[in-house]
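Number of protein chains: 2
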Amino acid sequence: MAGWETIEMKRITSRDNAKLKAVRALVRSKKERQERSCFVMEGARALSGWVDGSALPQYKLREIWISDKVNASFVSRFEEVGMPLLQIPNDFMENLSDCRTSQGILGVVEHAPEPLEFHSDQGNYLLLDRLMDPGNMGTLIRSAVAFGFDGVLLHGECVEVFNPKTVRATMGALPFSKLWKMAPGFFQLADESGYELIATAMEGGESLKGALFGPKNILVIGNEANGVSDEIFKRATRRLSIPLSGNVESLNAGVAGSICMCSMRS
Amino acid sequence: MAGWETIEMKRITSRDNAKLKAVRALVRSKKERQERSCFVMEGARALSGWVDGSALPQYKLREIWISDKVNASFVSRFEEVGMPLLQIPNDFMENLSDCRTSQGILGVVEHAPEPLEFHSDQGNYLLLDRLMDPGNMGTLIRSAVAFGFDGVLLHGECVEVFNPKTVRATMGALPFSKLWKMAPGFFQLADESGYELIATAMEGGESLKGALFGPKNILVIGNEANGVSDEIFKRATRRLSIPLSGNVESLNAGVAGSICMCSMRS
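Chains P and D are the protein sequences, given in the same order.
To convert a position in the first sequence, counted from 1, into this note's numbering, add 33.
To convert a position in the second sequence, counted from 1, into this note's numbering, add 33.
It is worth saying that the hints were derived from the structure and are not from the lab.
For clarity, every value in this text was computed on a predicted model and none was experimentally measured.
Ideal Cβ positions, reconstructed from N, Cα and C, are used throughout, including at glycine.
Be a bit skeptical, because a hint or two may be false.
No more than 25 Å apart at the CA atoms, straight line, and that leaves these computed lysine-lysine pairs for PhoX-like [what the hints assert, rightly or not]:
hint: 1; chain 1: D; residue 1: K54; chain 2: D; residue 2: K43
hint: 2; chain 1: P; residue 1: K242; chain 2: D; residue 2: K249
hint: 3; chain 1: D; residue 1: K198; chain 2: P; residue 2: K198
hint: 4; chain 1: D; residue 1: K242; chain 2: D; residue 2: K211
hint: 5; chain 1: P; residue 1: K242; chain 2: D; residue 2: K242
Here are the in silico distance ranges between beta carbons for each label pair [said to hold, decoys possible]:
hint: 6; chain 1: P; residue 1: D131; chain 2: D; residue 2: R110; range: 36 to 42 Å
hint: 7; chain 1: D; residue 1: S62; chain 2: P; residue 2: D101; range: 34 to 40 Å
hint: 8; chain 1: P; residue 1: D85; chain 2: D; residue 2: C132; range: 40 to 46 Å
hint: 9; chain 1: P; residue 1: L222; chain 2: D; residue 2: Q155; range: 47 to 53 Å
hint: 10; chain 1: D; residue 1: A51; chain 2: P; residue 2: Q67; range: 27 to 33 Å
hint: 11; chain 1: P; residue 1: R48; chain 2: D; residue 2: R78; range: 45 to 51 Å
hint: 12; chain 1: P; residue 1: A258; chain 2: D; residue 2: S109; range: 37 to 43 Å
hint: 13; chain 1: D; residue 1: R61; chain 2: P; residue 2: T270; range: 46 to 52 Å
Stretch-level coverage of chain D by chain P, calculated; a stretch enters the list once three of its residues show a Cβ under 8 Å from a Cβ in chain P [claimed, not checked]:
hint: 14; segment: 163–175
hint: 15; segment: 179–190
hint: 16; segment: 204–218
hint: 17; segment: 268–278
hint: 18; segment: 284–296
Extracted from the complex, chain P is given alone in its bound form:
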């Protein structure tokens, strides 16, 4: 392996640099992220999926930005990724970062989703219906990967997946998560593919305790305040409730979804 000295690294020292402005826009602007199909992931651990090749092919690392405080041996891990490495002063990075204290490294990642095709023999999918909180969104994506779910479907106006708060809450799980926005014809496709549509409900559903699951499931977690939308609730082939003690009406959406996923995974 070549030493870190041979890495081609470009050092940027002007705040007006066009590349720096472009990455700053990605951190701050949803519009920019959507137009470029790109987002920013911070931290070495979050980027390690491209070092060892485990990140899904629909997530393409395009650039790595590091600050002066990052040491050479650390940078060498990212050498073989073959990406443009851009170095900036520490205060530029702090200004760029969405974290209180930047780790000094971030990556620009392009997301190029593949068309949805349900696994034909068995599969578990998570459907998020108008989820609003970036922390919940990130936590659920993280749990879906942790419990081997095959993908996450987004229905209605959900919080943006690629905003920095959501990305951070995934704790590095995002590049292992297949994500789709639900397209017309989805419910028919799910039905024809033999999938159960399982809506969670605060009460009145089948109890999670003792519930058994078939090989093909789509678990629906609804909006934090209003639950699963009527449209999906009516189409659901099963309705599931987590039994709770008195004095609490519901669980946090990230918690409820994760408990159900934990029960459903084989």
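Given the coordinates of chain P, work out where chain D should sit on it, guided by the hints.
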């Protein structure tokens, strides 16, 4: 029931009012909350435990603040609580509130914890070990109440329970939660009382899947970055891991604790 017109309500119109300054200090200052053993809960649902008498006696509602936008029929719910009602202009409330948009009502609550006495026959307790994130703290308190846990123990430097972010994340569950800071002699007391000390571990512990629990349990959830401290891990009588698929090392602390509590409750 008397009409709302008969409620004794004091209207405050000066930003320099001493009572207004005192409640503002409670929202903003940890020191103030600790010195007065008081904190602020926002929203009508969060305060409903004092309307119907279900809040635990160690949580004492001391004042209710409402803004001009709150309508009279709403206020009447709080009439029989017999608390001082203080009314302020809407912009005062927005300034006071920790929420982006205030619901127009908040309560000042005093917390007077009772000494810890373990239930002798059976009980489930949650022990939070140096938990740092207010969202996780609030979510775990909410889940502990939801799963009928008998109380929450705080070990080491945890995030403050009564800061507005934590209180908000409990979603109204806080006044149903018994809370204690762990005192010296705790572990001996737990041991003598026949309680299992169950530490969660990212790996290497007994699998949660199929794990059976006795009648007396203390579940330990550790710091977000570093897990359960060595001190507690060594004392643990059981070690528990949630089996995860590849690519994710761990779950969110609030999720992991909630999944374990869901499994442990009878």
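Hint check, failures only: Numbers 4, 10, 12 - these are the hints that the structure violates, sorted from lowest upward.
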